[in-house]
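With the hints as extra help, turn the sequences into a complete structure.
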Amino acid sequence: MTARSARFLRAVVRLPPLLWLGAFFLVPFAITLKISLSEPATAMPPYLPVLDWAGGIEGWSSFLEALHFTNFETLAGDALYRDAALASLELALIATAILIVIGTPIAYAMARASARWQPILVALVVVPFWTSFLIRVYAWIAILKPEGLLNAGLLRLGLIGAPLEIINTQVAVLIGLTYAYQPFMVLPLYAVMSRLDPALREAAADLGASPARVFWSVTLPLSAPGLVAGALLCFIPMVGEFIIPDLLGGSETLMLGRVLWSEFFSNRDWPLASAVAVLLLLIVLGPVILFREAETRRGEAAR
Amino acid sequence: MSGTNRIALILGLGFLYAPILVLVVYSFNASALVTVWGGFSTRWYGVLLADRPLIEAAWVSLRVALLASLIATTLGTLAALALERHGRFAGRGLFTGLVYAPMVMPEVITGLSLLLLFVGIGLDRGIATIVVAHATFGTGFVAVVVAARLKGLDRALEEAAADLGAGPIRVFWSITLPLLAPALAAGFLLAFTLSLDDLVIASFVSGPGATTLPMRLYSQVRLGVNPEINAASTLLIGMVSLVVLTASWLSGRQGGQRAAG
Chain A
1 MTARSARFLR AVVRLPPLLW LGAFFLVPFA ITLKISLSEP ATAMPPYLPV
51 LDWAGGIEGW SSFLEALHFT NFETLAGDAL YRDAALASLE LALIATAILI
101 VIGTPIAYAM ARASARWQPI LVALVVVPFW TSFLIRVYAW IAILKPEGLL
151 NAGLLRLGLI GAPLEIINTQ VAVLIGLTYA YQPFMVLPLY AVMSRLDPAL
201 REAAADLGAS PARVFWSVTL PLSAPGLVAG ALLCFIPMVG EFIIPDLLGG
251 SETLMLGRVL WSEFFSNRDW PLASAVAVLL LLIVLGPVIL FREAETRRGE
301 AAR
Chain B
1 MSGTNRIALI LGLGFLYAPI LVLVVYSFNA SALVTVWGGF STRWYGVLLA
51 DRPLIEAAWV SLRVALLASL IATTLGTLAA LALERHGRFA GRGLFTGLVY
101 APMVMPEVIT GLSLLLLFVG IGLDRGIATI VVAHATFGTG FVAVVVAARL
151 KGLDRALEEA AADLGAGPIR VFWSITLPLL APALAAGFLL AFTLSLDDLV
201 IASFVSGPGA TTLPMRLYSQ VRLGVNPEIN AASTLLIGMV SLVVLTASWL
251 SGRQGGQRAA G
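Going down the list, the protein sequences come from chains A and B. Position one of the first sequence corresponds to residue 1 (UniProt numbering), numbered consecutively onward. Position one of the second sequence corresponds to residue 1 (UniProt numbering), numbered consecutively onward.
Calculated Cβ distances over 12 Å to all of chain B for the following chain A residues:
#: 1; residue: 74
#: 2; residue: 79
#: 3; residue: 94
What the simulated footprint calls covered on chain B by chain A, stretch by stretch (three residues with Cβ under 8 Å from a Cβ of chain A suffice, anywhere in the stretch; the number is not a length):
#: 4; stretch: 133-139
#: 5; stretch: 233-246
Think of the hints as simulated: they come from the structure by calculation, not from any bench. Think of the CB as a built atom: it goes at the ideal place given N, C-alpha and C, for glycine as much as any other residue.
As structure tokens, this is what we get:
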């Protein structure tokens, strides 16, 4: 086979995913950006201006002139949107920190389990992850509400005098986030930890390091790629999370995902919803690029 | 296993399973009040089976998931081949980004921007648009699973076939693809479940007449805790557990061939 036909074959392999993802992932972003600079209208589609393809250069210039930054001025000027952006960042950061703290010991314990147990433990972590996200979040309503199971249990034990207000607060959102995203933290960490050479741990122990010292100075630094991948895998979608703040956060917890949803579905303001999407995209862009780098490096390290 | 490790596992898995257990137990509650135990009953399963709109939504979801995961498996496998086997090529950075970014992108962004595309090109919204949307984010997940398997594959087998005179297409069909089969199955199942599970993207891109199961469940969940939803959840959890257990049994039978990751 000639080098030319080999190159052709490779291009044929790459082309379908490239075209599909370009058309249905990249192009939509460009459209969203354009509509975020438009204004709402009572028409279908409900925004102005609409580009007139037949209008030639003139159509283009009048189209470009009609674009403006009003929606972003609204986002910057209104405290509602600023608070939602800050709350999204804050809740996602705190939840990621909690996930690191509780995910590390779980992943470590899985990696140290016997070879017979490891696949069983992985399956046990994976099963809830494959179960409906919506249903797993919904399950917490029955546990956290004032007459729910948690309060009933605590009251019966005499630990509290009156039911705790958990549901419809940020605490409930944090519980939901840490719960729903736990497998995303545990699995990448486990993948790295289970492949660490036990000889390194043994060498440190032979040189007199205590088990805690071995963990902090050997295991944890070597697990950093898994930690980074897990943290990004949780943080990025959590910033834009909709279901958890919607079901557990009540009307007071505004996160960007929820603001976007209500601008779109309740207020039918597509341009403002698009502007929120662009803002959200700007927030997660850095972490997404980091994630891509981390995945590429992880791939090369495993080669 | 040390004591601390055992405690970490028990607490971690307990946290993961406690809410699911609550759902399953209360789906057999005779009382309509979720927090009051009124004795064992299967009445909510009867109510569930008589719920026409819910069952119709389940069919829509299954059809969407099947089509979307078939497309995602095809595209994801091609993407994995490019990422693992093509070395450096022009636009590799963009390609990698396009494959990995949809996995982590907040769903509200993906959903809204796809809807704006569909409206912009004047496509009627319905089952087809949900299929396209789900195939798009499923592709990355399939690519990751297949790429992990490709990494663990012994190149000598393919090289031997090529040395014996097989062309690259023949090598792919008779050597590479059969060796990749477990990863293709795993990727397909992953894309299938993710599609079955999606609420946010489907809500944006669906149109009248195309209500998926999560959309239907969400409209009821919003009204509060409901024992019928508990019954539906229990059935879903049962089905998923069965699939995962079958999959891990199948990969267990593959023995030493299991790829890491």
